[in-house]
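Chain order of the listed sequences is X and C. Numbering of the first sequence is given in our numbering, commencing with residue 1 and proceeding in unit increments. Numbering of the second sequence is given in our numbering, commencing with residue 244 and proceeding in unit increments.
Read the hints as simulated data drawn from the structure, not as lab findings. Keep in mind that the hints are not guaranteed to be accurate.
[Said to hold, decoys possible] To spell it out: a stretch of chain X is covered by chain C in this simulated footprint if at least three of its residues, at any positions, have a beta carbon under 8 angstroms from a beta carbon of chain C; those stretches are: (1) 52-62; (2) 81-87; (3) 103-113; (4) 150-162; (5) 187-201.
All figures in this text were calculated on a predicted structure; none of them were measured in a lab. Cβ atoms here follow ideal geometry from the backbone N, Cα and C, with glycine treated the same way.
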Amino acid sequence: MTRRLRTGLFLAGGAGLSALFAWGFAGLPAFGDYHGVYGRLLNRDALGQTHAMSAIAAVTFDYRGFDTMGEDFILFASVLGVALLLRQVRERDVDAGQAVETSDPVRAVGAIAVPAFFLLGLFVIAHGYLTPGGGFQGGVVVAIAIVLLSIAVDYGSYAALVRKPLADLVDGLGAGAYVAVGVGGLLAGSAFLESFVSRGKIGELTSSGTIALLSWASGLEVAGATLLLASEFLEELLARRQR
Amino acid sequence: MSYLPYALAGWLFVVGLYGVVTSRNLIHLVVCVSVIQSATYVLLLAIGYVKGGTAPIFNGIALGTKAVDPVVQALTLTDVVVSVTSMALLLAIAVEVHKRTGTLDPDELREQHG
Numbered sequence: 001m002t003r004r005l006r007t008g009l010f011l012a013g014g015a016g017l018s019a020l021f022a023w024g025f026a027g028l029p030a031f032g033d034y035h036g037v038y039g040r041l042l043n044r045d046a047l048g049q050t051h052a053m054s055a056i057a058a059v060t061f062d063y064r065g066f067d068t069m070g071e072d073f074i075l076f077a078s079v080l081g082v083a084l085l086l087r088q089v090r091e092r093d094v095d096a097g098q099a100v101e102t103s104d105p106v107r108a109v110g111a112i113a114v115p116a117f118f119l120l121g122l123f124v125i126a127h128g129y130l131t132p133g134g135g136f137q138g139g140v141v142v143a144i145a146i147v148l149l150s151i152a153v154d155y156g157s158y159a160a161l162v163r164k165p166l167a168d169l170v171d172g173l174g175a176g177a178y179v180a181v182g183v184g185g186l187l188a189g190s191a192f193l194e195s196f197v198s199r200g201k202i203g204e205l206t207s208s209g210t211i212a213l214l215s216w217a218s219g220l221e222v223a224g225a226t227l228l229l230a231s232e233f234l235e236e237l238l239a240r241r242q243r
Numbered sequence: 244m245s246y247l248p249y250a251l252a253g254w255l256f257v258v259g260l261y262g263v264v265t266s267r268n269l270i271h272l273v274v275c276v277s278v279i280q281s282a283t284y285v286l287l288l289a290i291g292y293v294k295g296g297t298a299p300i301f302n303g304i305a306l307g308t309k310a311v312d313p314v315v316q317a318l319t320l321t322d323v324v325v326s327v328t329s330m331a332l333l334l335a336i337a338v339e340v341h342k343r344t345g346t347l348d349p350d351e352l353r354e355q356h357g
């Protein structure tokens, strides 16, 4: 198929698709004119039922906790796929000693940025059910703090820290912990992923029951997964550069 | 009373698709796929918006305050994660393709493999 034919086909198809969109959107309630029932019910009842101030966290880790487990494992499987693909085709290992040039100003900024990001990430995970945030968002920030070590210290010690043990372990541990919390509900005599610890007092760090535990489990999983992704792509880049 | 956010979602989807169809570079193609995916974020958030509503986080605001739908916000979170995972996998495949064939142009790839 030539490019011209393909573009022509797209223009026809795209026009049809746009028309379908316009038709479909015209049938939706106007922007801001909300008629949903679930959102209203959750905003009314979620705080009382789950003791989580953030209704989004309550939906993610409680009402839709089972779906979030699937989401965790989608991430797990895709990171596994990336690691398999990249590790298999990598022609040689990186000579870590001279992989990344770094400098004193970068190290100075890194000395502040790494602990600051790390702490911010933990804060976001810990307060996910009180403020905007949670395991997914905080996990990424934690991972980025560790990736920054590659230029803030030197690539060799970063790679030694991350390469096999840390990222793989944290990723697997997080995914496993999520299921373990779910099974905890079963062992306590209720349903899978049903909260089995005290919901605590609203607004406190120890509130919201298993939402907090699942948020931490997801945080671990996401941090491990992001770390693994970043370090595999970084390693690939460096392996090519040294060729 | 506006349909603009829906139109934006539709436009993002179609413009991303246009990028995929006309792409000459696999990395560019992956970015276009993520543009298509961002259309779904806009659509989800637009559907759950309540006029004058605040974020559904009842920290410092009274229960019963008009707030937007938390379900679609949680779904958008899922959506973002899925988008990241698919991007990571596609980029890894692009790396492998470049290593095996020495090109990232989809058209050249077709010529090489008939």
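Going through the hints against the structure:
Three residues within the 8 angstroms Cβ limit are the bar, and the region 52-62 of chain X against chain C gives 7, so the coverage statement holds. Here's how the region 81-87 of chain X fares: 4 of its residues keep a CB closer than 8 angstroms to some CB of chain C, so the rule of at least three is met and the hint holds. For the region 103-113 of chain X, the stated coverage by chain C is violated: 0 residues have a C-beta nearer than 8 angstroms to a C-beta of that chain, whereas at least 3 were required. Using a Cβ-Cβ cut-off of 8 angstroms, 0 residues of the region 150-162 of chain X lie near chain C, which falls short of the minimum of three, so the contact claim is violated.
Counting residues of the region 187-201 of chain X whose C-beta sits closer than 8 angstroms to any C-beta of chain C gives 0, which falls short of three, so the coverage hint is violated.
Of the numbered hints listed earlier, those contradicted by the structure are 3, 4, 5.
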